[in-house]
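J.: Given next are the chains, with one letter for each unit.
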Amino acid sequence: MRAKVHVFLKPGVLDVQGKAVEQALHGLGWGGVEHVRVGKTIEFDLKGGDRAAAEAEVKAMCEKLLANTVIESYRVELA
Amino acid sequence: MKAAVIVFPGSNCDRDCKVAIERSTGASVDMVWHGDTALPDGVDLVVLPGGFSYGDYLRCGAMAALSPIMTEVKAAAGRGVATVGICNGFQVLCEAGLLPGALLRNEKLKYVCKTVELAVVNNQTRFTAGYAGRREVAMTVGNGEGNYFADEDTLDRLEGEGQVVFRYLANPNGSARDIAGIVNTRGNVLGMMPHPDRAFEPELGSADGAVLFQSALASA
Numbered sequence: 001m002r003a004k005v006h007v008f009l010k011p012g013v014l015d016v017q018g019k020a021v022e023q024a025l026h027g028l029g030w031g032g033v034e035h036v037r038v039g040k041t042i043e044f045d046l047k048g049g050d051r052a053a054a055e056a057e058v059k060a061m062c063e064k065l066l067a068n069t070v071i072e073s074y075r076v077e078l079a
Numbered sequence: 001m002k003a004a005v006i007v008f009p010g011s012n013c014d015r016d017c018k019v020a021i022e023r024s025t026g027a028s029v030d031m032v033w034h035g036d037t038a039l040p041d042g043v044d045l046v047v048l049p050g051g052f053s054y055g056d057y058l059r060c061g062a063m064a065a066l067s068p069i070m071t072e073v074k075a076a077a078g079r080g081v082a083t084v085g086i087c088n089g090f091q092v093l094c095e096a097g098l099l100p101g102a103l104l105r106n107e108k109l110k111y112v113c114k115t116v117e118l119a120v121v122n123n124q125t126r127f128t129a130g131y132a133g134r135r136e137v138a139m140t141v142g143n144g145e146g147n148y149f150a151d152e153d154t155l156d157r158l159e160g161e162g163q164v165v166f167r168y169l170a171n172p173n174g175s176a177r178d179i180a181g182i183v184n185t186r187g188n189v190l191g192m193m194p195h196p197d198r199a200f201e202p203e204l205g206s207a208d209g210a211v212l213f214q215s216a217l218a219s220a
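So the protein sequences, as listed, match chains A and B. Letter 67 of the first sequence, counting from 1, is numbered 67 in my numbering, and no numbers are missing. Letter 112 of the second sequence, counting from 1, is numbered 112 in my numbering, and no numbers are missing.
Do not rely on the hints blindly, as some may be mistaken.
Stated by the list, open to error - Derived pair list, reagent style EDC-like, types lysine to aspartate or glutamate, alpha-carbon separation capped at 16 Å:
#1 B:2 with B:56
#2 B:108 with B:145
#3 A:19 with A:77
#4 A:64 with A:22
#5 A:19 with B:107
#6 A:47 with A:63
#7 B:108 with A:34
#8 B:74 with B:117
#9 A:40 with B:30
#10 A:47 with A:22
#11 A:10 with A:43
#12 A:10 with B:152
#13 A:4 with A:34
#14 A:40 with A:77
#15 A:10 with B:56
What the hints assert, rightly or not - For the chain B half of the interface with chain A, some residues (derived, Cβ under 7 Å), not all of them:
#16 55
#17 105
#18 109
#19 110
Stated by the list, open to error - Covered, in the sense of this in silico footprint (three residues per stretch, anywhere, with C-beta under 8 Å from a C-beta of chain A), are these stretches of chain B:
#20 96 to 104
#21 181 to 193
Hints are computed from structural coordinates only; laboratory data are not their basis. C-beta: ideal position from N, C-alpha, C; glycine also.
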């Protein structure tokens, strides 16, 4: 099973990278761009076919290491 | 008196911490590798140094916080042993859950390296008792992710409980409420972005950092 974990700073946390990218896009003429957030995606293969078990496992990985839930939120995709 | 400096792969202020503690207090300092599973017997002070542990991969301090030695550091902190995290060490303490909050990318996206003036907000802690009568000290910062963040309730609680120990007089990185250093509720775990280990002799521009190590060991 292939897991994709998307990690972003929470909405209330200032994303300075997002701000910088937004300003750069404005500078290139894309003035309609708003609320840019820069996050990261972590992908990996996971052994075992049980989807529910995999979801629980990846969630545990996020809570323990992949995201810092003080400042970040995460979303898991399994395929 | 005995101190231990934890060495993670990518730490770069570990030697600075050792020399700073030895010269300012006379204590013996053991270097402890992150993969070790024991701290020296009878250790009075544990220091997590600055640097780029694990290359700052994933998040600053995230992987270091899960190192084998951190189980022992947590246990020692739980027993009341004085524990100090400086710069990357502060990030590790937050990631390990020994201190609240987290350190974000600096507001202006720049690595900041300069001397900063600090207000000693609380000189009643075991780390700052030696600053009695002094309201301001000077140390240097060198960080790209030193922007302290916590939710408003946590910040209110930190301020209300006297856990904010140092504040920047001129905020270099966007840190919430100008916070430069905090202690845990029990007062035995200190995290700070400025480097006392780079300010232990007048020749370095400031000897104010020496007082911190002296206070920490005098309280042990």
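J.: Evaluate each hint against the coordinates.
T.: Hint by hint, here is what the structure shows:
Of the supplied pair hints, the one linking residue 2 (chain B) and residue 56 (chain B) is violated, its CA atoms being roughly 29 Å apart against a limit of 16 Å. As the CA atoms of residue 108 (chain B) and residue 145 (chain B) are separated by approximately 10 Å, the hinted pair is consistent with the 16 Å bound. With a C-alpha separation of about 27 Å, the suggested pairing of residue 19 (chain A) with residue 77 (chain A) is violated against the 16 Å cut-off. Of the supplied pair hints, the one linking residue 64 (chain A) and residue 22 (chain A) is violated, its CA atoms being roughly 31 Å apart against a limit of 16 Å.
Between residue 19 (chain A) and residue 107 (chain B) the alpha-carbon distance is near 10 Å, which keeps this suggested pair within the 16 Å criterion. Straight-line distance between C-alpha atoms of residue 47 (chain A) and residue 63 (chain A) comes to about 20 Å, which puts the hinted pair past the 16 Å bound. Annotation: proposed proximity of residue 108 (chain B) to residue 34 (chain A) is violated, straight-line Cα distance about 19 Å (limit 16 Å). Restraint check for residue 74 (chain B) and residue 117 (chain B): not satisfied, since their Cα atoms lie roughly 31 Å apart, outside the 16 Å limit.
A distance of roughly 38 Å separates the Cα atoms of residue 40 (chain A) and residue 30 (chain B); the hinted pair therefore is violated under the 16 Å criterion. For a cut-off of 16 Å, the pair hint linking residue 47 (chain A) to residue 22 (chain A) is broken: about 39 Å separates their Cα positions. Note on residue 10 (chain A) and residue 43 (chain A): the hinted pairing is violated, with a Cα-Cα distance of about 20 Å set against a maximum of 16 Å. Simply put, residue 10 (chain A) and residue 152 (chain B) have alpha-carbon atoms about 14 Å apart, close enough for the 16 Å limit, and the pair holds.
For the given pair, residue 4 (chain A) sits about 25 Å from residue 34 (chain A) by alpha-carbon distance, which is inconsistent with the 16 Å threshold. Distance hint between residue 40 (chain A) and residue 77 (chain A) is fulfilled; the C-alpha atoms sit about 13 Å from each other, no more than 16 Å. As the CA atoms of residue 10 (chain A) and residue 56 (chain B) are separated by approximately 20 Å, the hinted pair breaks the 16 Å bound. Because the closest C-beta pair between residue 55 (chain B) and chain A is about 15 Å apart, greater than 7 Å, the hint is violated.
Nearest Cβ of chain A to the Cβ of residue 105 (chain B): about 5 Å, under the 7 Å cut. The hint holds. The interface hint given for residue 109 (chain B) holds, since its Cβ lies 5 Å from the closest Cβ of chain A, which is under the 7 Å cut-off. Residue-level restraint check for residue 110 (chain B) is violated (minimum Cβ-Cβ distance to chain A is 10 Å; threshold 7 Å). For the stretch 96 to 104 of chain B, the stated coverage by chain A holds: 4 residues have a C-beta nearer than 8 Å to a C-beta of that chain, and at least 3 were required.
Judged by the Cβ-Cβ criterion of 8 Å, the stretch 181 to 193 of chain B is not covered by chain A as claimed, because only 0 of its residues qualify and three are needed.
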